[in-house]
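There are 2 protein chains.
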Amino acid sequence: MEFAERVHSMTESEIRKGITDAANPDFISLAGGVPDARLFPAAEFRAAYDKVLRDAPGTFLQYGPTEGYGRLREIIAEREQTDVAGILLTSGAQQGLDLLGRLFVDQGSRVLVEDPSYLGALETFRQYGAEFVAVPSDDEGIRVDALEKARFLYTMPNFANPSGRTMSERRRRELVEAARERELVIVEDDAYGDLRYEGEPVPNLSILDPRVIRIGSFSKVLAPGLRVGWIRAEPQVIRKLVHLKERSDLCGAFGAQMAVAEVSAILPTHVKTLIETYRPRRDAMIDALTEFCPQVRWRKPEGGFFVWCELPVDARNLDVKDVAFVRGGKFHATRPRHNTMRLSFAGVEPDRIREAVRRIGEALS
Amino acid sequence: MEFAERVHSMTESEIRKGITDAANPDFISLAGGVPDARLFPAAEFRAAYDKVLRDAPGTFLQYGPTEGYGRLREIIAEREQTDVAGILLTSGAQQGLDLLGRLFVDQGSRVLVEDPSYLGALETFRQYGAEFVAVPSDDEGIRVDALEKARFLYTMPNFANPSGRTMSERRRRELVEAARERELVIVEDDAYGDLRYEGEPVPNLSILDPRVIRIGSFSKVLAPGLRVGWIRAEPQVIRKLVHLKERSDLCGAFGAQMAVAEVSAILPTHVKTLIETYRPRRDAMIDALTEFCPQVRWRKPEGGFFVWCELPVDARNLDVKDVAFVRGGKFHATRPRHNTMRLSFAGVEPDRIREAVRRIGEALS
Chain A
1 MEFAERVHSM TESEIRKGIT DAANPDFISL AGGVPDARLF PAAEFRAAYD
51 KVLRDAPGTF LQYGPTEGYG RLREIIAERE QTDVAGILLT SGAQQGLDLL
101 GRLFVDQGSR VLVEDPSYLG ALETFRQYGA EFVAVPSDDE GIRVDALEKA
151 RFLYTMPNFA NPSGRTMSER RRRELVEAAR ERELVIVEDD AYGDLRYEGE
201 PVPNLSILDP RVIRIGSFSK VLAPGLRVGW IRAEPQVIRK LVHLKERSDL
251 CGAFGAQMAV AEVSAILPTH VKTLIETYRP RRDAMIDALT EFCPQVRWRK
301 PEGGFFVWCE LPVDARNLDV KDVAFVRGGK FHATRPRHNT MRLSFAGVEP
351 DRIREAVRRI GEALS
Chain B
1 MEFAERVHSM TESEIRKGIT DAANPDFISL AGGVPDARLF PAAEFRAAYD
51 KVLRDAPGTF LQYGPTEGYG RLREIIAERE QTDVAGILLT SGAQQGLDLL
101 GRLFVDQGSR VLVEDPSYLG ALETFRQYGA EFVAVPSDDE GIRVDALEKA
151 RFLYTMPNFA NPSGRTMSER RRRELVEAAR ERELVIVEDD AYGDLRYEGE
201 PVPNLSILDP RVIRIGSFSK VLAPGLRVGW IRAEPQVIRK LVHLKERSDL
251 CGAFGAQMAV AEVSAILPTH VKTLIETYRP RRDAMIDALT EFCPQVRWRK
301 PEGGFFVWCE LPVDARNLDV KDVAFVRGGK FHATRPRHNT MRLSFAGVEP
351 DRIREAVRRI GEALS
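If you're matching them up, the sequences are chains A and B in order.
Residues 1 to 365 (this note's numbering) are what the first sequence spells out, left to right.
Residues 1 to 365 (this note's numbering) are what the second sequence spells out, left to right.
Wrong hints could be hidden among the right ones.
Pairs count within a copy or across copies, as identical chains cannot be separated in the list.
[Claimed, not checked] Below, simulated EDC-like cross-link-like pairs (lysine to aspartate or glutamate); rule was C-alpha separation at most 20 Å, straight line:
1) 300 x 44
2) 330 x 131
3) 272 x 131
4) 330 x 44
5) 272 x 181
6) 240 x 78
7) 149 x 131
8) 300 x 138
9) 300 x 209
10) 240 x 2
11) 51 x 351
12) 240 x 5
13) 321 x 349
These aren't lab readings, by the way, just hints derived from the structure by calculation.
Could you build all of it, start to finish, from the sequences and the hints given here?
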């Protein structure tokens, strides 16, 4: 059996590890970028599925348009301040990344990424042949003076996975301006943007320039099992992506899109609940790092799920009994650095976070 | 904006056209390979969704394993007479095709296909760089003596889309034997296999040789909007496909997989109902072709959705008022033939099928 080139070096995606973990009650996972299942609006989804299966079973169960369920596209278009022709529904943000990889990446195409950058994006673009160029960042975000020529720039401007970093408004304006001058396509991934725990919201890149291609998702603010994300782009780009999605899976799971449209009215209050739950977890992690891990360098994220850590040791040699975390090596697209790790505070309660970080500090000293 | 090579010549998938069509009551579509929505077990799905969202909302709404929902994999493994490690759930059969395209096809890889062959497969494999080789067929199916060296052979042995053809048991045995000798991978797509209207079932290729990779789907026997299909393959192939699916969409829509597992108990009786509904539609189409289109050559399918027609004229010049059908040109992977068309009888009642075929006969004469 002769496989295609792209699969030769392919292994299990790192981001999938740690999502399903031990039944050991002592075990604490800070690994996966997984929302807390206790926060899912389950009753609302039960009612929503019942309503759409009662009112429109034929729409729910039949093939639907590849673009996705019209009403949900309208809801997203309104939030995104754009027209419905600029919205394509995808099977989670991950399918958005995959479709954009197919749209832009040939063997050897240069793709600009942050360092570190989201592993799910790196692995997806890499299979299509991407050659990554890491763009240096400073405290305000990507250094615009360091942009090189490439097919596109992939960035997470809000509470990035894994760095937790947020790009300043001034830097965003400089970035879209520079991209316009250089005809550089920007892909903005904003899976975590609604989960801000402090500070003022900063305008999305796609609001500053409608040519920016934007990836969004309901996975972190409603529930990931639904697999409902979207791409916002100019209509001529959406049309190309529709052709690629036809070849990928014909169309999405329509029922989940209909249910999300029903449930989306709760988003403003539900997001408040999420923020009130996740903020003390972030604070517990920051406090515990300060107390137990003085030798670790980290950045306090203004939102999202992650604290990115630089260690005084090689993370590959760091084993912490009954604590899972993600070693940082693979998040570096070009030159592996092994003194980094990603901690997620989303799925664990504050006292357990404190205990896990205490164990990490113990292992480090 | 510079796009990847693969999208340069890409247009709307032909198979998506005609799926959404006119509100004109006089209009009859024989175009899409779309099941009749009136036959969907909607009440059963409403009850199933309610049950799984009541009993296991956390499983429904959270990220799940990329392989898919365990209980449904078990149900399929039992039907397929294999182990659960040999089953991967996909977003419809189309995602199965896409993942296999990624697994096997490099730029210029040779892929053996029937002539005509399923357009959704051709378009998907082509984007990864497939060079097609059409294998000639006779009345029993693919001519085994004409097999050439290639990455794999793609075939629909039961009631093929679009040809309606079924491979004889003798030919299947010859085919798996020849493939074993030549180390040729076989991909068996069996989206329609349960819908047999006459004759005895013939063993699946994957039953004759477990190295055959098999694609299946609930789209035609339950409902396509759920997007639940599967791949059956040897476990080491499944593992590679899991890595590709991680990069594609992380995991499927778990809720739909759970609902299908609940509803699957009705399959034996439900499939009987489908057969009793679709058989008279097939018969009406065959009778009408005999009566109204004596100049057309066709083959009576033993199952499935399609009658494939050879015309005395170029189908591109055939316009039939208020009747939709699919012109055959694009189903031919290597040399376009334009005197062919595909008619689907699945979505239309017998008297309407008769009227549509009458109109076609009128347009031809």
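Intra- versus inter-copy proximity for residue 2 and residue 240 (alpha-carbon distance at most 20 Å): between (31 Å within a copy, 12 Å between copies)
Residue 330 and residue 44: within-copy, between-copy, both or neither at 20 Å Cα: neither (38 Å within a copy, 45 Å between copies)
Alpha-carbon proximity between residue 330 and residue 131, which holds within one copy, between copies, both or neither at 20 Å: Answer is within: at 15 Å inside a copy they meet the 20 Å cutoff, but 35 Å across does not.
Within, between, both or neither: residue 300, residue 138 at alpha-carbon 20 Å: Result: close within a single copy only, 15 Å intra versus 69 Å inter.
Same-copy or cross-copy closeness of residue 51 to residue 351 [CA-CA at most 20 Å]: This pair counts as neither: shortest intra-copy Cα distance 40 Å, inter-copy 34 Å.
Residue 272 and residue 181: within-copy, between-copy, both or neither at 20 Å Cα: Neither. Shortest intra-copy (39 Å) and inter-copy (63 Å) distances fail the 20 Å Cα cut-off.
Intra/inter-copy verdict for residue 149 and residue 131 if alpha-carbon distance must be at most 20 Å: The answer is within: 12 Å in one copy meets 20 Å, while 32 Å across copies does not.
Same-copy or cross-copy closeness of residue 272 to residue 131 [CA-CA at most 20 Å]: For residue 272 and residue 131, the Cα distance exceeds 20 Å both inside one copy (40 Å) and across copies (53 Å).
Copy assignment of residue 240 with residue 78, given that the CA separation must stay at most 20 Å: Answer is neither; intra-copy 22 Å and inter-copy 40 Å both fail.
Alpha-carbon proximity context of residue 240 and residue 5, limit 20 Å: between (25 Å within a copy, 13 Å between copies)
Intra/inter-copy verdict for residue 300 and residue 44 if alpha-carbon distance must be at most 20 Å: This pair counts as neither: shortest intra-copy Cα distance 33 Å, inter-copy 49 Å.
Homomeric proximity label, residue 300 with residue 209: Cα distance no greater than 20 Å: neither (28 Å within a copy, 57 Å between copies)
The structure shown violates the earlier hints numbered 1, 3, 4, 5, 6, 9, 11.
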